[in-house]
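A.B. asks: What follows is each chain in one-letter form.
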Amino acid sequence: MADETTPLLQLDGITQVFRTRRGDVRAVDNVSLNLGVGEVLCLVGQSGSGKSTSAKIASGLLKPTDGEVRFEGASIFGRGRSHSATFKGFRRAVQYVHQDPYASLNPIQDVFTTLSAPLRRHRLVKSRAEARERVSELLAQVGLTPAETFLPKFPHQMSGGQRQRVAVARALTLEPRLIIADEATSMLDVSIRIGLLSMLTKLRKDLGVGFLFITHDLAMAKYFGREGDIAVMHQGRIVEYGPTLEVISNPQDAYTQALLEAVPEPDPDLAKRKREIRLGVRSSSHRGTPAA
Amino acid sequence: MVDRADEVSSDPTSTDATTTDTTAGSVSPPGEPVLSVRDLVVEYRTGLGANDPVHQAVKGVSFDLYPGESIALIGESGCGKTTLGLGLLRLLPKLGSIPSGTVTYRNRDGSLVDVLGLNQQQLRRFRWSECAMVFQGAMNSFNPVLRIWDQMLDTIRAHDKSMSKSEAHDRCAEVLRDVDLDPDRVLKSYAHELSGGMRQRVLIAMSMLLRPQMLILDEPTTALDILTQRAIVDLIHELHERMDFAMIFVSHDLAVAAELATRVATMYDGKIVEMGDVRDIFYRPQHKYTQSLINAVPTVAEDLREVPSHG
Amino acid sequence: MTQIVDAGSADLKAPPPPEGKDAGAFKTFVRAMMRSRTGFIGFLVFAGMVLLCLIGPLFMPDTLPTDTSKIYGPASLGHPFGFDSEGRDVFVQLINGGRAVILVGFLAAVISTVIAVVFGALAAYLGGRVDSIIVAATDIVLTVPSIILLAVLAAFYRVGSAWSLAVILGVLGWPGLLRAVRAQVFSLKQREYIEAARLLDLGTGRIVIREILPNMASFILMNFVIGMTNAIYAMAGLYLLGLAPMQGDNWGIMINFAWTRGAIFFQGSLGYILAPVLAICIVQLSLVTMARSFEEILNPRLRHN
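Protein chains in written order, with our numbering: chain A, 1 to 292; chain B, 1 to 311; chain C, 1 to 305.
Isolated chain A, as found in the complex (with noise of 0.2 Å):
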């Protein structure tokens, strides 16, 4: 990806070696990826893919073994005054969104403490009326409206879609540049999740953040990064790594091949057509069979 822009987000030859009893685990290896401004990169594995671990990395919540990670050019993890600084700049600009919305929110909070608390800590406000504006808007911005009946609400109080919009919308108070979305949307229901994709969708054009989207879900990858870049985890390293719809429509790696096979489709004949494909079962009467 050679840009004459520096990207926003740049993780550089990023390995992480974890300690264990029964020896080293290279979790991640020899990981690059850049993602640029208002762009989407999704990435995507199994579960001990390394793709968890490589987003914690790019949150700066870990410290990787080696390699680098720059934002806006400058190397998170170095040493010296310049570094904290940049580190500071780093971590309010970048953002995180867990997969569990009945642990990413303190169960004791309400959602106006929870929101307001960044905003005052960082003085993005000056009076609780001015936090409860602003709070509002945020709210409003995550679909929650009326905001007013939202704002006394405990976590307990809401749906497990609301609470993770709540979860967006505090990820949203320091106004980051890039949201590292880990699982976001893999423990709602269907009918939620598409909601949820459109809203951060939204965001990402109209506030212009970025998103690293971590999943499982190929069909999530595709529907949320249709306009961006996907790269294929496999045991620690980037096994394809390129524009989303070519990748998904004519994947290279044999890996990314069995994962696009494995998915299973919510068409009846079509996962029909799948499967007797697979088990090399080829009876004439379905050739011909329309999908509606």
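Be a bit skeptical, because a hint or two may be false.
Straight-line alpha carbon distances no greater than 20 Å define the calculated SDA-like cross-link-like pairs of lysine to any residue that follow [unchecked claim]:
hint : chain 1 : residue 1 : chain 2 : residue 2
1    : A       : 205       : A       : 243
2    : A       : 205       : A       : 140
3    : B       : 188       : B       : 145
4    : A       : 88        : C       : 126
5    : A       : 56        : C       : 125
6    : C       : 189       : C       : 163
7    : A       : 274       : B       : 234
8    : C       : 189       : A       : 274
Not everything, but these chain B residues come out facing chain A in the computed CB check (under 10 Å) [unchecked claim]:
hint : residue
9    : 238
10   : 239
11   : 240
12   : 243
Hints in this document: simulated from the structure, not taken from any laboratory. The structure presented is a predicted model; accordingly, all values stated were derived computationally and were not measured. Ideal Cβ placement from N, Cα and C applies to all residues, glycine included.
We have chain A; now place chains B and C onto it with these hints.
C.D. replies: Structure of chains B and C alone, referenced to chain A:
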């Protein structure tokens, strides 16, 4: 529980439900239903006190399951699909109860069983030998300190004390081979020594152990990796085609329903709002809730549909 | 053919989530007490004892006259526990002596809980060298046999009052709780909402005080109650050994006097010995049942048994 099973067949909904689209290539279900459910209601008390409010999780559900069929219960979390699955076998947690409705099971010899009227001992016999269940979260279904062999033997012995050890061993090996596992290795293992996919296979094998007529699967592929999920879906499909059992499976994943079901029932707020042949539900959904569910599923294959199959 | 069983009637809004069971610390406390009957009884008994010991002395004479005719006198309706070695009413002493016991136990528990929570949370949250130092200090204090240390301290310093006793008990009572708090904070620290707070750069102080500690309120309360029982036992032991200041009214002193002055040899002075022992037992039992019911609420595995 006042209804008798013979009244059941005169219920107009049952004749409706048997009609299927023959052009879809599916065979009209033959003969009498294996399981008839009528106006089943399942409630949960919200607390231990007598005055605690009661929540109806299943609000009067009726359907028939015919031999060789595979019904998918789809719906979102909280719609009552899992509760319904548990209620059919009376596996509800302590606070759950079935205040009304009937569940009638037809034995192979044609005699009818009132499942809700069985006593605990009859129920235990019924559960494995007539109707087996595969739960979500394979690890919890195993006793961590017993080898797979001991657990399978226990299951056999609980129902058939006459079977000798070597006969039991042969049967265990047979069902394990059916699910593409190596019996010599697996029988000696503890549950934690197996991978998630293998544990799921062992559970499916155990459910086949006593040759039940009916199988209930609760989210059989949830929490598995895509590749493992694919293998399990294919395995269930193959077993269902090859062996003589009808199944009901609960899934929030519509794609899995599309792959495995012959009929689909959409549940919403404790009721079945739409039920029909799998192709009708996916290609011509009538109820707006079913439509919204199906439209909400993204697919990797929308472009692939145009691609002709290899030939 | 598709069969619509129930068109229209289902509106497409998601059903509301069930009312949650977690709320503030006080509500949790009340709910915990209400849900467990033994816990509620324990709470009532303890509240009753506290009231009796705090308000009771107002209605009792401050100084009891010595009456030689009633030495080791047996129990009667007006004097339910009889008389002591100086002919004073044991019941009046019992009422007057409870306050010190409960207050010393309370104060000691406050001191050790504060130490344990502050340093336990810091150790777990900051980790690294801070953690190593605090853990090492805890291990050292934990290996010191506290009752012997107390005996030594009492012998050398002639502990002046019940209050300094409370301070000593509190300062020695924290290591066990510190370990528990540290473990709890360790697990809370890995929750996703704490990770989110770190990503938002909310600051260590705020994260610990506003995000982590309130989530352990009932856990701390439970351990506070257990800390109180431990302090009361330690105090009773010290008094029995005669290592604590023998002044004022205190159940511990009563036991010591009844023991050393040979009440066991007198018929009818059973009440004299048993009264303070029984009082301590009741307080401890009520505290333990209270703490147990907290544990039931906190530990989901116990909840359904």
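A.B. asks: Each hint should be assessed against the structure and marked as holding or not.
C.D. replies: Here is how each hint holds up against the structure:
no.: 1; hint: A:205 x A:243; in the structure: holds, 18 Å
no.: 2; hint: A:205 x A:140; in the structure: holds, 16 Å
no.: 3; hint: B:188 x B:145; in the structure: holds, 12 Å
no.: 4; hint: A:88 x C:126; in the structure: holds, 19 Å
no.: 5; hint: A:56 x C:125; in the structure: holds, 19 Å
no.: 6; hint: C:189 x C:163; in the structure: violated, 36 Å
no.: 7; hint: A:274 x B:234; in the structure: holds, 11 Å
no.: 8; hint: C:189 x A:274; in the structure: violated, 46 Å
no.: 9; hint: 238; in the structure: holds, 9 Å
no.: 10; hint: 239; in the structure: violated, 14 Å
no.: 11; hint: 240; in the structure: violated, 13 Å
no.: 12; hint: 243; in the structure: violated, 17 Å
Figure legend: structure checked against the earlier numbered hints; hints not met, in rising order: 6, 8, 10, 11, 12.
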